[in-house]
Amino acid sequence: MAASSDEPFVYVRSFPAEKLPPPLAATGAVGWLRANLFSSPTNIALTLVCALLIAWAVPPLLRFFFIDAVWSGTDREACLATPEHPTVGACWAFVRVWLSYFVYGFYPTGQRWRVDLFFLALAFGIVWLLRLSAPRRDIAAFYFFIVLPVLSFVLLHGAPPIGLVVVPTALWGGMLVTVIVATVGIVFSLPLGILLALGRRSELPVVRLLSVIFIEFVRGVPLITVLFMASVMLPLFVPDRLAPDKLVRALVGVAMFASAYMAEVVRGGLLAVPRGQYEAARALGFPYWRMTGLVILPQALRVTLPNIVNTFIGLFKDTTLVFIVGIFDFLRTIEAARADPHWAAPTTPITGYAFAAVFYFVCCYGMSRYARSVEARLARSGRR
Amino acid sequence: MAQDRKDAGAPAQPGEVAVEVLGLHKWYGEFHVLRDINLKVARGERIVICGPSGGGKSTLLRCINRLEDWQRGRIIVDGLELTEDPKRILEVRRDVGMVFQQFNLFPHLTVLENCTLAPIWVRHMPRREAEALAMKYLERVKIPGQANKYPARLSGGQQQRVAIARALCMNPNIMLFDEPTSALDPEMVKEVLDTMVELATDGITMLVVSHEMGFARQVADRMIFMDEGQIVEINARQNFFDQPQHERTRLFLQQILH
Numbered sequence: 001m002a003a004s005s006d007e008p009f010v011y012v013r014s015f016p017a018e019k020l021p022p023p024l025a026a027t028g029a030v031g032w033l034r035a036n037l038f039s040s041p042t043n044i045a046l047t048l049v050c051a052l053l054i055a056w057a058v059p060p061l062l063r064f065f066f067i068d069a070v071w072s073g074t075d076r077e078a079c080l081a082t083p084e085h086p087t088v089g090a091c092w093a094f095v096r097v098w099l100s101y102f103v104y105g106f107y108p109t110g111q112r113w114r115v116d117l118f119f120l121a122l123a124f125g126i127v128w129l130l131r132l133s134a135p136r137r138d139i140a141a142f143y144f145f146i147v148l149p150v151l152s153f154v155l156l157h158g159a160p161p162i163g164l165v166v167v168p169t170a171l172w173g174g175m176l177v178t179v180i181v182a183t184v185g186i187v188f189s190l191p192l193g194i195l196l197a198l199g200r201r202s203e204l205p206v207v208r209l210l211s212v213i214f215i216e217f218v219r220g221v222p223l224i225t226v227l228f229m230a231s232v233m234l235p236l237f238v239p240d241r242l243a244p245d246k247l248v249r250a251l252v253g254v255a256m257f258a259s260a261y262m263a264e265v266v267r268g269g270l271l272a273v274p275r276g277q278y279e280a281a282r283a284l285g286f287p288y289w290r291m292t293g294l295v296i297l298p299q300a301l302r303v304t305l306p307n308i309v310n311t312f313i314g315l316f317k318d319t320t321l322v323f324i325v326g327i328f329d330f331l332r333t334i335e336a337a338r339a340d341p342h343w344a345a346p347t348t349p350i351t352g353y354a355f356a357a358v359f360y361f362v363c364c365y366g367m368s369r370y371a372r373s374v375e376a377r378l379a380r381s382g383r384r
Numbered sequence: 385m386a387q388d389r390k391d392a393g394a395p396a397q398p399g400e401v402a403v404e405v406l407g408l409h410k411w412y413g414e415f416h417v418l419r420d421i422n423l424k425v426a427r428g429e430r431i432v433i434c435g436p437s438g439g440g441k442s443t444l445l446r447c448i449n450r451l452e453d454w455q456r457g458r459i460i461v462d463g464l465e466l467t468e469d470p471k472r473i474l475e476v477r478r479d480v481g482m483v484f485q486q487f488n489l490f491p492h493l494t495v496l497e498n499c500t501l502a503p504i505w506v507r508h509m510p511r512r513e514a515e516a517l518a519m520k521y522l523e524r525v526k527i528p529g530q531a532n533k534y535p536a537r538l539s540g541g542q543q544q545r546v547a548i549a550r551a552l553c554m555n556p557n558i559m560l561f562d563e564p565t566s567a568l569d570p571e572m573v574k575e576v577l578d579t580m581v582e583l584a585t586d587g588i589t590m591l592v593v594s595h596e597m598g599f600a601r602q603v604a605d606r607m608i609f610m611d612e613g614q615i616v617e618i619n620a621r622q623n624f625f626d627q628p629q630h631e632r633t634r635l636f637l638q639q640i641l642h
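Each protein sequence line maps, in turn, to chains C and E. Here the first sequence stands for residues 1 to 384, numbered as in the numbering used here. Here the second sequence stands for residues 385 to 642, numbered as in the numbering used here.
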């Protein structure tokens with residue numbers, strides 16, 4: 001670099017510095033390994049420990065669930081150790097035989113197409129509503145929040161005038177019930193939670209007080225208690241013919257419980273919106289609800305999206321608690337099936353629970369991935 | 385709040401007075417932040433309010449569109465008295481634009497959406513028309529090219545100009561500027577002031593809280609000096625700078641003009 005002057009402390013660049021590619025060690029696979037796995041002595045030690053852990057844990061799991069697993073059979077005999085097969089892995093035959101029970105519960109066999117149709121309609125609604133690039137998502141919202149509930153009720157419960165036999169909810173079970181409880185919980189908890197969160201920040205003392213009482217009371221009580229109160233205590237006060245269906249009571253309990261949690265999550269988001277946003281909206285003449293809906297909530301929900309999804313995931317797994325009031329959700333059907341003496345074998349319970357774990361994991365991980373992609377999209381578009 | 389409600393809403397000589405403040409007092413708890421403010425702003429008048437910080441300048445400005453409420457006194461904007469009636473407050477706010485020190489653009493909306501949101505949802509203007517209006521004002525503040533960007537991608541000066549355009553899209557009769565250049569990097573102050581000077585030629589009523597005395601000399605009809613919650617001096621621009629009447633005004637101007 002030539003200083004172009006004889007003056008000792010003056011420096012003027014006479015030509016632009018050349019742009020050079022980064023050194024090889026910083027890019028490519030080697031660079032990645034070096035930067036992420038072997039960057040420091042601690043990191044090298046951690047990498048080695050993790051590698052050992054994986055080597056120790058994964059092969060036996062693979063062996064149990066796949067290599068030694070029993071894939072077909074008609075009863076427990078298939079899953080018992082014999083001299084020819086001294087080690088028996090997972091008993092997938094058991095899951096295969098009981099699968100329809102896990103999915104439909106006691107829903108009458110001839111009517112199960114109605115459940116399938118419900119699953120399809122729900123999946124269609126979810127994909128349409130949640131795909132950010134899908135066309136006419138306003139219609140999707142109408143379909144999901146108005147059409148779908150009515151359609152689902154007619155399909156699942158039945159409507160004699162159009163030839164659908166009534167199937168009482170006591171016969172519903174398995175994934176069907178889990179999906180219904182989770183969907184209703186999620187769909188109701190967000191709007192109710194938003195209203196409660198806004199109520200808690202309201203300038204009207206009565207609204208504020210009622211919101212606080214509801215949130216703190218429901219949050220301060222275990223979900224099991226809420227479910228018990230909804231299903232055992234309610235009938236004590238309400239005459240029998242007015243008492244709502246057992247499943248409906250559980251749904252109300254779950255939705256109430258989830259909305260109290262959601263309220264606090266949303267409140268966290270509301271706190272993150274700067275005061276200037278409220279002032280700018282009010283200065284433009286927005287009335288309260290339009291300001292809230294157009295300016296405040298979009299920002300608050302965006303900030304708190306990871307927490308919202310976290311709550312949804314927690315709720316999804318909490319739905320297993322409805323078994324306590326005698327509803328046969330997915331996990332309960334597995335519990336019931338593993339007690340079947342025809343299938344009493346050492347590995348059937350583990351297999352059943354593993355199947356449950358896979359189902360819950362797929363659903364929760366799906367929610368998590370979707371949230372990540374939305375967050376990434378928001379970050380890309382430069383929104384804060 | 386308003387002492388005297390019997391003539392609430394009676395027009396105060398429409399066409400002449402844009403803002404009238406009568407005997408305004410405001411307390412923050414024990415702290416008497418505005419003391420006996422009386423002010424009449426004529427339609428089309430441009431007023432610059434200056435004074436040391438904590439003197440109540442911003443608070444007074446924020447009372448005019450009732451972002452702050454007060455305990456005693458009356459404010460009449462465009463012939464409408466600001467009462468506690470929420471409808472009346474919204475009505476006044478729709479005719480009074482405000483530009484904030486911190487811009488306060490809506491970060492989840494593009495520049496264009498920032499400008500069209502209020503016309504569409506408050507004025508019920510068709511989207512197409514609102515967008516045309518927004519583009520007109522974005523051109524006026526010289527950033528039509530940024531219309532589809534999000535505010536976070538813009539410089540401070542650009543953001544503040546968008547904020548001005550956003551306020552103008554409601555076609556306000558009165559514009560309030562609350563230290564519009566105080567949060568800007570020095571090299572961006574000029575572009576915002578130029579925009580405001582250009583706006584001043586338009587005949588819109590402007591109340592500006594600012595320490596930019598160059599700007600004040602250029603556009604102000606009258607100057608107000610506020611200190612300790614009181615209006616110390618209101619004077620025509622020329623007199624204010626050349627022969628300030630009050631000792632404190634003189635001291636303040638000496639400090640600020642070096």
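Treat the hints loosely; a few may be bogus.
Below, simulated SDA-like cross-link-like pairs (lysine to any residue); rule was C-alpha separation at most 20 Å, straight line [claimed, not checked]:
{"id": "1", "chain 1": "E", "residue 1": "Lys424", "chain 2": "E", "residue 2": "Gly413"}
{"id": "2", "chain 1": "E", "residue 1": "Lys471", "chain 2": "C", "residue 2": "Pro168"}
{"id": "3", "chain 1": "E", "residue 1": "Lys471", "chain 2": "C", "residue 2": "Lys246"}
{"id": "4", "chain 1": "E", "residue 1": "Lys533", "chain 2": "C", "residue 2": "Ala376"}
{"id": "5", "chain 1": "E", "residue 1": "Lys471", "chain 2": "C", "residue 2": "Arg290"}
{"id": "6", "chain 1": "E", "residue 1": "Lys533", "chain 2": "C", "residue 2": "Pro298"}
{"id": "7", "chain 1": "E", "residue 1": "Lys533", "chain 2": "C", "residue 2": "Ser202"}
{"id": "8", "chain 1": "E", "residue 1": "Lys520", "chain 2": "E", "residue 2": "Gln530"}
{"id": "9", "chain 1": "C", "residue 1": "Lys246", "chain 2": "C", "residue 2": "Met256"}
{"id": "10", "chain 1": "E", "residue 1": "Lys533", "chain 2": "C", "residue 2": "Ala379"}
{"id": "11", "chain 1": "E", "residue 1": "Lys471", "chain 2": "C", "residue 2": "Pro298"}
{"id": "12", "chain 1": "E", "residue 1": "Lys574", "chain 2": "E", "residue 2": "Ala516"}
{"id": "13", "chain 1": "E", "residue 1": "Lys533", "chain 2": "C", "residue 2": "Arg377"}
{"id": "14", "chain 1": "E", "residue 1": "Lys533", "chain 2": "C", "residue 2": "Glu203"}
{"id": "15", "chain 1": "E", "residue 1": "Lys533", "chain 2": "C", "residue 2": "Gln277"}
{"id": "16", "chain 1": "E", "residue 1": "Lys471", "chain 2": "C", "residue 2": "Tyr288"}
{"id": "17", "chain 1": "E", "residue 1": "Lys471", "chain 2": "C", "residue 2": "Gly293"}
{"id": "18", "chain 1": "E", "residue 1": "Lys471", "chain 2": "C", "residue 2": "Ser202"}
{"id": "19", "chain 1": "E", "residue 1": "Lys424", "chain 2": "E", "residue 2": "Arg456"}
{"id": "20", "chain 1": "E", "residue 1": "Lys574", "chain 2": "E", "residue 2": "Ala620"}
{"id": "21", "chain 1": "C", "residue 1": "Lys246", "chain 2": "C", "residue 2": "Val374"}
{"id": "22", "chain 1": "C", "residue 1": "Lys317", "chain 2": "C", "residue 2": "Ala357"}
{"id": "23", "chain 1": "E", "residue 1": "Lys471", "chain 2": "C", "residue 2": "Leu378"}
{"id": "24", "chain 1": "E", "residue 1": "Lys471", "chain 2": "C", "residue 2": "Ala357"}
{"id": "25", "chain 1": "E", "residue 1": "Lys424", "chain 2": "E", "residue 2": "Gly463"}
{"id": "26", "chain 1": "E", "residue 1": "Lys471", "chain 2": "E", "residue 2": "Gln530"}
{"id": "27", "chain 1": "E", "residue 1": "Lys471", "chain 2": "E", "residue 2": "Glu497"}
{"id": "28", "chain 1": "E", "residue 1": "Lys533", "chain 2": "C", "residue 2": "Leu204"}
{"id": "29", "chain 1": "E", "residue 1": "Lys520", "chain 2": "E", "residue 2": "Lys471"}
Some chain E residues well away from chain C (every beta-carbon gap over 12 Å; in silico) [stated by the list, open to error]:
{"id": "30", "residue": "Val476"}
{"id": "31", "residue": "Met482"}
{"id": "32", "residue": "Asn488"}
{"id": "33", "residue": "Asn498"}
{"id": "34", "residue": "Arg507"}
{"id": "35", "residue": "Met572"}
{"id": "36", "residue": "Arg621"}
{"id": "37", "residue": "Pro628"}
{"id": "38", "residue": "Arg634"}
FYI, nobody ran anything at the bench for these hints, they're computed from the structure. Small disclaimer: the values here were computed from a predicted structure and weren't measured. Note that beta-carbon positions come from the ideal geometry of N, C-alpha and C, so glycine has one too.
Right, here's what the structure says about each hint:
1. E/Lys424 to E/Gly413: 27 Å, violated
2. E/Lys471 to C/Pro168: 52 Å, violated
3. E/Lys471 to C/Lys246: Distance of about 47 Å is beyond 20 Å: violated.
4. E/Lys533 to C/Ala376: With Cα atoms ~17 Å apart, lysine 533 of chain E and alanine 376 of chain C stay inside 20 Å; holds.
5. E/Lys471 to C/Arg290: Distance ~14 Å between lysine 471 of chain E and arginine 290 of chain C Cα, so the pair holds.
6. E/Lys533 to C/Pro298: 18 Å, holds
7. E/Lys533 to C/Ser202: 34 Å, violated
8. E/Lys520 to E/Gln530: Holds: lysine 520 of chain E and glutamine 530 of chain E sit about 13 Å apart, inside 20 Å.
9. C/Lys246 to C/Met256: 16 Å, holds
10. E/Lys533 to C/Ala379: 13 Å, holds
11. E/Lys471 to C/Pro298: Answer violated: lysine 471 of chain E to proline 298 of chain C is near 25 Å, above 20 Å.
12. E/Lys574 to E/Ala516: 27 Å, violated
13. E/Lys533 to C/Arg377: 15 Å, holds
14. E/Lys533 to C/Glu203: Violated, at roughly 35 Å.
15. E/Lys533 to C/Gln277: 19 Å, holds
16. E/Lys471 to C/Tyr288: 11 Å, holds
17. E/Lys471 to C/Gly293: 19 Å, holds
18. E/Lys471 to C/Ser202: Roughly 18 Å separates the two Cα atoms, so the pair holds.
19. E/Lys424 to E/Arg456: 17 Å, holds
20. E/Lys574 to E/Ala620: 24 Å, violated
21. C/Lys246 to C/Val374: 36 Å, violated
22. C/Lys317 to C/Ala357: Holds, at about 10 Å.
23. E/Lys471 to C/Leu378: At roughly 36 Å apart (the allowed maximum being 20 Å), leucine 378 of chain C and lysine 471 of chain E break the hint.
24. E/Lys471 to C/Ala357: Violated, at about 56 Å.
25. E/Lys424 to E/Gly463: Satisfied, since the Cα-Cα distance of roughly 12 Å is no more than 20 Å.
26. E/Lys471 to E/Gln530: 35 Å, violated
27. E/Lys471 to E/Glu497: Violated. Lysine 471 of chain E to glutamate 497 of chain E sits at ~25 Å, over the 20 Å cutoff.
28. E/Lys533 to C/Leu204: 38 Å, violated
29. E/Lys520 to E/Lys471: 29 Å, violated
30. Val476: 8 Å, violated
31. Met482: Violated, since 4 Å does not exceed 12 Å.
32. Asn488: 4 Å, violated
33. Asn498: Non-interface label on asparagine 498 of chain E violated, nearest chain C Cβ at 9 Å vs cutoff 12 Å.
34. Arg507: Given that some Cβ of chain C is not farther than 12 Å from that of arginine 507 of chain E, nearest at about 8 Å, it is violated.
35. Met572: 19 Å, holds
36. Arg621: 27 Å, holds
37. Pro628: Answer for proline 628 of chain E: holds, closest chain C Cβ roughly 32 Å.
38. Arg634: Holds, since 34 Å exceeds 12 Å.
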